[in-house]
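**Q** Residue-level listing of the chains:
2 protein chains.
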Amino acid sequence: MREPRQERSRTTRRRLIDAAVECLAELGWHGTTVSMIAERAGVSRGAAQHHFPTREDLVVAAVGHLGEEQIAELRARAAALPAGPSRALPVAEMLLDLYTGVKFRAALHLWVAASTDEALREVLVPLQAKVGREAHRVALELLGADESRPGVRETVQATLDLARGLGLANLLADDTNRRRQITRQWATLLEPVVP
Amino acid sequence: MREPRQERSRTTRRRLIDAAVECLAELGWHGTTVSMIAERAGVSRGAAQHHFPTREDLVVAAVGHLGEEQIAELRARAAALPAGPSRALPVAEMLLDLYTGVKFRAALHLWVAASTDEALREVLVPLQAKVGREAHRVALELLGADESRPGVRETVQATLDLARGLGLANLLADDTNRRRQITRQWATLLEPVVP
Numbered sequence: 001m002r003e004p005r006q007e008r009s010r011t012t013r014r015r016l017i018d019a020a021v022e023c024l025a026e027l028g029w030h031g032t033t034v035s036m037i038a039e040r041a042g043v044s045r046g047a048a049q050h051h052f053p054t055r056e057d058l059v060v061a062a063v064g065h066l067g068e069e070q071i072a073e074l075r076a077r078a079a080a081l082p083a084g085p086s087r088a089l090p091v092a093e094m095l096l097d098l099y100t101g102v103k104f105r106a107a108l109h110l111w112v113a114a115s116t117d118e119a120l121r122e123v124l125v126p127l128q129a130k131v132g133r134e135a136h137r138v139a140l141e142l143l144g145a146d147e148s149r150p151g152v153r154e155t156v157q158a159t160l161d162l163a164r165g166l167g168l169a170n171l172l173a174d175d176t177n178r179r180r181q182i183t184r185q186w187a188t189l190l191e192p193v194v195p
Numbered sequence: 001m002r003e004p005r006q007e008r009s010r011t012t013r014r015r016l017i018d019a020a021v022e023c024l025a026e027l028g029w030h031g032t033t034v035s036m037i038a039e040r041a042g043v044s045r046g047a048a049q050h051h052f053p054t055r056e057d058l059v060v061a062a063v064g065h066l067g068e069e070q071i072a073e074l075r076a077r078a079a080a081l082p083a084g085p086s087r088a089l090p091v092a093e094m095l096l097d098l099y100t101g102v103k104f105r106a107a108l109h110l111w112v113a114a115s116t117d118e119a120l121r122e123v124l125v126p127l128q129a130k131v132g133r134e135a136h137r138v139a140l141e142l143l144g145a146d147e148s149r150p151g152v153r154e155t156v157q158a159t160l161d162l163a164r165g166l167g168l169a170n171l172l173a174d175d176t177n178r179r180r181q182i183t184r185q186w187a188t189l190l191e192p193v194v195p
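Protein sequences appear in the order of chains A and B.
Sequential numbering of the first sequence, starting at 1, is according to the working numbering.
Sequential numbering of the second sequence, starting at 1, is according to the working numbering.
These aren't lab readings, by the way, just hints derived from the structure by calculation.
The reader is advised that the hints may include incorrect statements.
Because identical chains cannot be distinguished in the list, a pair is counted as satisfied if it fits within a single copy or across any two copies.
Listed below are the simulated SDA-like cross-link pairs for lysine to any residue, each with C-alpha atoms no more than 25 Å apart in a straight line [said to hold, decoys possible]:
| hint | residue 1 | residue 2 |
| --- | --- | --- |
| 1 | LYS130 | ALA119 |
| 2 | LYS130 | ARG45 |
| 3 | LYS130 | ASP175 |
| 4 | LYS130 | ALA72 |
| 5 | LYS130 | GLY67 |
| 6 | LYS130 | THR100 |
| 7 | LYS130 | LEU171 |
Input sequences plus hints: build the corresponding full structure.
**A** The structure is reproduced here in structure tokens:
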């Protein structure tokens, strides 16, 4: 009996996390309640609160979990990349598209809400730092870049900050065409950091 | 009698705009009401509504006005910049610090609220495009860059998207030191576009 119960529990958590991201992205922090997330997940309110006692617990777990999932996806695609400087363009595409989807939209609602909500800020700041460090590490791996060379660290950091800026530019209107042109130019700037 | 009344009217509008930006940055879109803005501005609620019938009118006017003011400030500082490639570092500093203050914070609350609010989105999208185009033009002027050269347009666009990403990174915690290092590296990437 033990295995299936753990399995069910994992499935419930996963459903709640997916529903929390959808609610946040569609309705924002102020429009999202635990009841709404539970309903969308097809889970009772009591079961939702068993897994995540507060709305903060649930949405922070959701954003943290999906940040890690996104990084794992990037890592899985690393093996298929070409070697040498021709790596720069596909890596630029992967990284600069990173924050244009529903996961970034959900996270952005949380960040902005946290800027006027001390309790939310306290849990989000360390999470944001952790996910940011992991994103930096995976960007270095994808590029095959050597951080001990002068300027490489800052160029890789700038790539991720640019990606977040492009995510913001894509928030209210589809910015894909402009982003593609920036990405091509960005790849030429990244080439010198690829060995 | 006509001049002083116009003068008073301008002063009232200006006070409301400043108060609206402060309220948005501190309390967010969902925490901001017209009454609150009027109180902070020292203006009656009726007078506030005479100038700006709705909360949307007021905050959108505020963000648009301050975006233009910020661009005018940049333009005013252009004359003091050195000529040639040594221009790259001070311009990188000016542009990459552009979205780290209270004005960006206020605008960000609006953008994010607009992503789940169709009426707000309709007024913000054209405003964001207009202010974005002006920021692009002033960035070209500051760099003295020639947009007809290949890659220059995209590099300047990337600079402003990076600046917005850095604004986001500065939202929940002071990111000045990291931003300074990125700015120095960015200036070396900008040097080739400065004639």
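**Q** So, for every hint listed, does it hold in this structure?
**A** Results of checking the hints against the structure:
Taking CA atoms no more than 25 Å apart as the test, LYS130 paired with ALA119 passes inside one copy only; the shortest distance there is 18 Å, against 36 Å between copies. For the homomeric pair LYS130 and ARG45, neither the shortest alpha-carbon distance inside one copy (30 Å) nor that between copies (45 Å) is at most 25 Å. In this assembly of identical chains, the alpha carbons of LYS130 and ASP175 lie at most 25 Å apart only when taken from different copies (15 Å versus 28 Å within one copy). Taking the shortest alpha-carbon separations for LYS130 and ALA72, only the intra-copy value of 14 Å comes in at or below 25 Å, while the best inter-copy value is 38 Å.
For the identical chains of this complex, LYS130 and GLY67 are intra-copy neighbours only, at 10 Å inside a copy versus 33 Å across copies, given an alpha-carbon limit of 25 Å. Taking CA atoms no more than 25 Å apart as the test, LYS130 paired with THR100 passes in both settings, with 20 Å inside one copy and 22 Å between copies. In this homomeric assembly, LYS130 and LEU171 come within 25 Å of each other (Cα to Cα) both inside a single copy, at 24 Å, and across copies, at 16 Å.
Comparing the model with each numbered hint stated earlier shows that hint 2 is the single one that does not hold.
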